[in-house]
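> Residue numbers are given in numbering that gives the first Met the number 0: position 22 of the sequence shown equals residue 21, and the series is strictly consecutive.
Simulated from the structure, these hints should not be mistaken for lab results.
Quick reminder that beta carbons are idealized off the backbone N, C-alpha and C, glycines included.
Hints may contain errors.
Cut-off 27 Å, straight-line C-alpha distance, at most; resulting in silico cross-link-like pairs (DSS-like, lysine-lysine) [what the hints assert, rightly or not]:
no., residue 1, residue 2
1, 38, 101
2, 4, 38
3, 92, 102
4, 38, 102
Just the calculated beta-carbon pair ranges, DEER-fashion [what the hints assert, rightly or not]:
no., residue 1, residue 2, range
5, 2, 34, 22 to 32 Å
6, 13, 42, 51 to 61 Å
7, 60, 14, 54 to 64 Å
8, 37, 11, 16 to 26 Å
9, 86, 34, 55 to 65 Å
10, 68, 96, 19 to 29 Å
11, 4, 29, 35 to 45 Å
12, 60, 83, 20 to 30 Å
13, 98, 33, 19 to 29 Å
14, 87, 66, 21 to 31 Å
15, 84, 34, 51 to 61 Å
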Amino acid sequence: MSTTKTLIAAALIAVGAAAAPVFAQSYSHLEPITTTSQKTRAEVLADLQIYRDSGLALVDSTEELGFDNTRRQQAQARYEQLRNSPTYAALVKRFSEEEAGKKHVAAR
């Protein structure tokens, strides 16, 4: 009887040792994902400003009032108009200059 218990205990230890590497996995889903942006910080800030100015941000934030298709289409059209206008380029330039100024001050 003692031999049987010893064999069972040895088998359990062997199975446990074989299974240990399976549980020692990496938690890669918790690690941050680093991606290279296709836009500069100034472009992102300019796009955000236009998103707000067009009224699209307001439409997106008022979901509890119901989906107003006409209002959304108007805001989307205004956003596209601003995005393709010289306003966008001017905002990008302004934000780029502000960022460059901050870097210049920080370098001192």
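> Next step is simple, just say for each hint if it's right about the structure.
Each hint, compared with the structure:
1. 38 with 101: holds, 19 Å
2. 4 with 38: violated, 67 Å
3. 92 with 102: Measuring from Cα to Cα gives roughly 15 Å; hence the hint holds.
4. 38 with 102: Judged against 27 Å, a Cα distance of about 19 Å means the pair holds.
5. 2 with 34: 22 to 32 Å: Since residue 2 and residue 34 have Cβ atoms about 60 Å apart, the given range 22 to 32 Å is violated.
6. 13 with 42: 51 to 61 Å: holds, 59 Å
7. 60 with 14: 54 to 64 Å: For residue 60 and residue 14 the Cβ distance comes to about 56 Å; the hint holds.
8. 37 with 11: 16 to 26 Å: The hinted range 16 to 26 Å is violated for residue 37 and residue 11, with Cβ atoms some 54 Å apart.
9. 86 with 34: 55 to 65 Å: Since residue 86 and residue 34 have Cβ atoms about 28 Å apart, the given range 55 to 65 Å is violated.
10. 68 with 96: 19 to 29 Å: violated, 39 Å
11. 4 with 29: 35 to 45 Å: At 41 Å between Cβs, range holds.
12. 60 with 83: 20 to 30 Å: Taking Cβ atoms as reference, residue 60 and residue 83 lie about 24 Å apart, which means the hint holds.
13. 98 with 33: 19 to 29 Å: Holds - the Cβ-Cβ distance for residue 98 and residue 33, about 21 Å, lies within 19 to 29 Å.
14. 87 with 66: 21 to 31 Å: holds, 27 Å
15. 84 with 34: 51 to 61 Å: violated, 29 Å
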